[in-house]
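Trainee: Let chain A serve as the given structure and place chains B and C on it in line with the hints.
The listed protein sequences derive, respectively, from chains A, B and C. Per this note's numbering, residue 1 is the first one in the first sequence, and the count goes up by one each step. Per this note's numbering, residue 642 is the first one in the second sequence, and the count goes up by one each step. Per this note's numbering, residue 860 is the first one in the third sequence, and the count goes up by one each step.
Treat the hints with care, since some could be wrong.
Using C-beta positions, here's what the derived DEER-type ranges look like [what the hints assert, rightly or not]:
| hint | chain 1 | residue 1 | chain 2 | residue 2 | range |
| --- | --- | --- | --- | --- | --- |
| 1 | A | Gly37 | B | Leu661 | 42 to 48 Å |
| 2 | A | Lys151 | B | Arg647 | 53 to 59 Å |
| 3 | A | Leu561 | B | Ser801 | 31 to 37 Å |
| 4 | B | Ala667 | A | Gly107 | 32 to 38 Å |
| 5 | A | Trp277 | C | Ala949 | 54 to 60 Å |
| 6 | C | Ala983 | A | Phe432 | 33 to 39 Å |
| 7 | C | Pro1133 | A | Ala314 | 30 to 36 Å |
Keep in mind the hints are simulated off the structure, nothing from the lab. Just so you know, even glycine gets a beta-carbon here, dropped at the ideal spot from N, CA and C.
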Amino acid sequence: MSDVAFEQHAPRPAAAPPWWRRLIGFNLLAASALGIGGWFLGHWVGTRITIGMDSQLGTDQNDIATFMGFLFAVSGWLIGLGFLNYPLGRMLGRPPSLREKEEEGPGRYFRLCTDHKVVGMQYFVTILLFFLIAGLNAMFIRAELLTPKEKLWNANQYLSLVGLHGTMMLMMMSAAILGPFANYFVPIMIGARRMAFPRLESLSFWLVPPAGLILLSAVALGGFPTGWTGYAPLANTARAGMDAYLFAFALIGLSMTIVGANMLATVLTMRAPGMTWTRLPIFVWGVICTSVLMVLAAPVLFATLSMVALDRTADTSFFLASAGGSPFLYTNLFWFFGHPEVYILALPGFGVVLEILPVFSRKPLWGYRLAVAGMLGVTLLSFMVWQHHLFVSGMNADLRPFYMLTTELISVPTGFIFLNGLGTLWRGRIRFTVPMLFAMAFFSNFLIGGLSGVFLSDVPSDVSTHGSYFVMAHFHYTIMGGLVFALFAATYYWLPKMTGLRFNETLAKIHFWGMFVFFNFTFAPLFVAGMLGMPRRVSVYSSSLQGINDFVSVSAFLLGLSMLVFLINLVYSTVFARVPAEANPWHSRGLEFQLPTPIPVRNFERTPVIESGPYEYGVPGAPPVAALGRPAVAGGGGSSP
Amino acid sequence: MSRGARLLAVAGATAVAVALVAIYVADFLAANPTPLRAAPAPRGAQLTLQTVASYGHDPHPDWVSYLARDGSGKWHHTTIFKVPAHALVRVTVYQYDTATGLRNPFWSQVRGTVGNTMTVDGRTLHALPPDDASHTFAIPELGVSVPLKGVGDNAPNQCSVAPCTAAQAHTTVTFTFRTGNPGRFRWQCFVPCAASFVFGNGGPMQSIGWMDGYVQVV
Amino acid sequence: MTSNLAPAAAPSGEPHIRRLIVIWVVLSAIGVALVVFALGPHMPPWTFSDEARDQRNINIMLAALATPVLLAVWMALVYSIVAFRQRGVAIVDGTPIHGGGRLEVAWIVVTTLIVVSLAVAGTAALFGTTKGAGGGQGPDPLAVPHGSLPPLQVQVIGQQWAWTFRYPAFGGVETTQIAIPAGRVIALHVTSLDVNHSFWAIRLGVKADAIPGSDNVAFVRPRRPGSFRIRCAELCGLWHGHMFTTGLVLTPAAFSSWIRRQVVANAAATRTLPPYSTHYFPEPLRRAG
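Isolated chain A, as found in the complex (with noise of 0.2 Å):
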């Protein structure tokens, strides 16, 4: 695609039309409307095409019926937003345009908008929501193991809460860095005008609210007792709200797909003069190597889900052991998919913690080279440790030493983010902004996570650690101690920039120190009673640990309640006080902070030319991160150059 398409304008018409005028086309209300109309048309069809197929219809749960509605509820969102019209347009021979990116004005933001910095902002939205669902059902399970029995919840709603809960913050952390801040930053950072493919980066964030919705239908279904990983063969048996998490998961693997090869399209094609590889801010670099795991992980994952709505539709037994399968096939398939997605995780997160310290510590970055290997060595050591999970499961027992080994392995070049991160400190001017104390948050919590780590990827060790909640203690220190930090790093440090607004200061610190204290008092005693032989995933426990569970329990919900702290600063920030924020709040070399507030549509008015690079904090003679040409138009003019 040509910029030249950009100087096509299309005329606006002179009249606005009514308000409810405005509410008719291709958005958010058709698309919700065909979604609806979708899944009953699609269920009715499901219906009749299992007629006399006894294995779907005696169970009283028609699988076929419900993955009809589930796709045609997709296919009838995507349509009403309007994802088909420029296919059809240019099989009709219309020529080739971007103007979705040309639109002005909130509407905006409820439909198909090729802008990244919409783009950027549904996602930040989106997400936020839907991990707050997901942080919701963690308090409702934290409040059933107040005691060590069944209480508040029986059993299948609290395996369902913590399906739930699983499923959702893996689907939607998945995207929680790169959803929001990549879409919005990277193409800013590179010099670039828009994404490589501006309509598949709309499509990968249209996908993710069916996505949540439909998981959230499980509920409706019944629940789905298989936890995030949806171990076959109990999948296979499980009642209809397996669909949903089936489905939905699918759903989100197709959108990480699609953003990993977008992000790796747009970072390798569309730098601009003088962004070499060695000036590229180092958050560019940790969205590069999680586009590589998404782009070669994710369809594995879709896949290997397929085959599961296979089985419990088509009939097949790709898992059943007695008809010619094997459960092993699944446990393998999914963390071939899962243990990169470990680090989908982690690695935007090691992009952001390190792309923030040498903004606050005004030096710079310690050991560039070093990090963009230790990046570039997780990735690939990510695709050859999958089997640790499988550990104790009966696979061929000489392949443990070669998983034990590689394990290991991986915390060598996770070690070089440490030493960057506290190399960039060392001797620096320290600020203790919002941003950075999450930032300096991260390597501790990460750090414990880590560790932790080496005894799961040790055998003996992993023979008695595996499977209890030492495992969900470390995941939850390197997810949440990790990704969420750098993700709430990510958003004082960003959304600023992103909305204009400054967040209240006192009650972010406030949000800061709740977070980081609750977090370490929710999950440090949890190794401990995974340790003391706690399983995950029960509701019945020992009752000589409920002394610790409840300590857990309380911390946690003080640790919800942290949560609840940044939302009321986020509406009072950003509904009441709208205090303005400066263009460069944080003095940063950065260049997207070189750019006025709000950033103008094209981003650019003329293609940067990159002068250096961007840590170069109080190196004498530096020249500015870029040559903007003429200084770009303040203010919120936009369109017209």
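Mentor: Showing chains B and C alone in chain A's frame:
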């Protein structure tokens, strides 16, 4: 927007969110079959149950299920039973389903009841041929496990809609077990009896209110 | 943007580093001593069996190694926060160091050596005294421990939602409780009749997944009589959390009389069981609807 309008919008959004969470908790998380108290009997209680091959009503007309009878003789679709502590609980099961057979024949023995016996249509037995079992009534934490004999495949007048009546083909199983301290114990069926599900272990076999439930010793 | 020169007040890093190393050595010595001598004796999974004891030793070793690493990073972090904090609103640049070649190489070499030696130690433990360290090794264990007696074979059968146990050496009798003799190598053959389960007896130091249609062998040698808790460690459906029971380790004499009682008490049930096999396929696949 004025400050008041913004306040109103945020308050409205909060109210909607709280309402949605309340619906979620009430409709899904706290949803349980109504517990049924076993009828009082000398030295304990009397629990009267029936199993049906197909429940016959929404939401799952084709699922196998247990039902329980209250003191007035009315059948309820519940699997949560309240029984007294330190007492004898006499259980009568009217068994209307045909046999499926046990996956693990080990459960064909009667265990954990008084005398490790049951009566089937009046005959006292210690065990069933494994292939004759239609369901089991098992409370593993109390050691109770009783196989329930299925009606013959060709028996006339088979029941297909709950509640089944005395005139329809059935076997009557009785047994007595002793309760200890108060507590909440799960019970389940060990026969892979869920029709059309893989392994027979899906659907009703994994759902409280159908083939699983709680015995609340109070 | 102002790009200040390096502040003149900034000293070279040397005194900082020397101070840090001294504090780190002292704290690490205390920390490691505490881990090994105070925490060590209480470290799960204790010493009830050879396997549990080996796992405990590895746990102590890993905890002792993790302590100095944890301290090093925490201290560097805290020291930087305290020593290099910039108060007030002034934006002052730090010392522009882009990296340190020697330190980077040293870090790579040291961390690689540590993790490779950890993997070697783990592998040695896997094939060392306990042969498999109590984990499930699949149908053909690579490492089989030797004892004065051949391993006693006990089959663990997971099913939704209970554990049962079969003793092929005693006529294939099946029980709801497991008892094993102390001082003898036990070969636990773990399998499942429906979905994936995982047999976890933490005090025994055994964890082995129960996979339908597959035989997963784990070895254990309990050291003294006592009891142990068994839980399911792989999510297996509705009553996963209730899939627990208590097992017994008995003296050889007590075990003989226990198993004789089981053979007699379960004689009728044993006659109905299928012949002993290392695995069973879940049948039937579906009940007609």
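Trainee: For the hint 54 to 60 Å, verify it against the beta carbon of Trp277 of chain A and that of Ala949 of chain C.
Mentor: At roughly 34 Å between Cβ atoms, Ala949 of chain C and Trp277 of chain A fall outside 54 to 60 Å, so the hint is violated.
Trainee: CB of Pro1133 of chain C to CB of Ala314 of chain A, is that within 30 to 36 Å?
Mentor: Between Pro1133 of chain C and Ala314 of chain A, where Cβ atoms are some 31 Å apart, the hint holds.
Trainee: State, for the Cβ atoms of Leu561 of chain A and Ser801 of chain B, whether the hinted interval 31 to 37 Å holds or is violated.
Mentor: Given range 31 to 37 Å: violated, Cβ gap about 53 Å.
Trainee: Check the following: the C-beta atoms of Gly37 of chain A and Leu661 of chain B are separated by a distance inside 42 to 48 Å.
Mentor: Distance hint for Gly37 of chain A, Leu661 of chain B is violated at roughly 23 Å.
Trainee: Please test the hint of 53 to 59 Å on the beta carbon pair from Lys151 of chain A and Arg647 of chain B.
Mentor: The hint (53 to 59 Å, Cβ to Cβ) is violated, given that Lys151 of chain A and Arg647 of chain B are roughly 41 Å apart.
Trainee: Range hint 32 to 38 Å: satisfied by the CB atoms of Ala667 of chain B and Gly107 of chain A?
Mentor: holds, 36 Å
Trainee: Please test the hint of 33 to 39 Å on the beta carbon pair from Ala983 of chain C and Phe432 of chain A.
Mentor: Because 46 Å falls outside the window, the suggested range is violated.
When the structure is compared with the earlier hints, violations turn up for hints 1, 2, 3, 5 and 6 and for no others.
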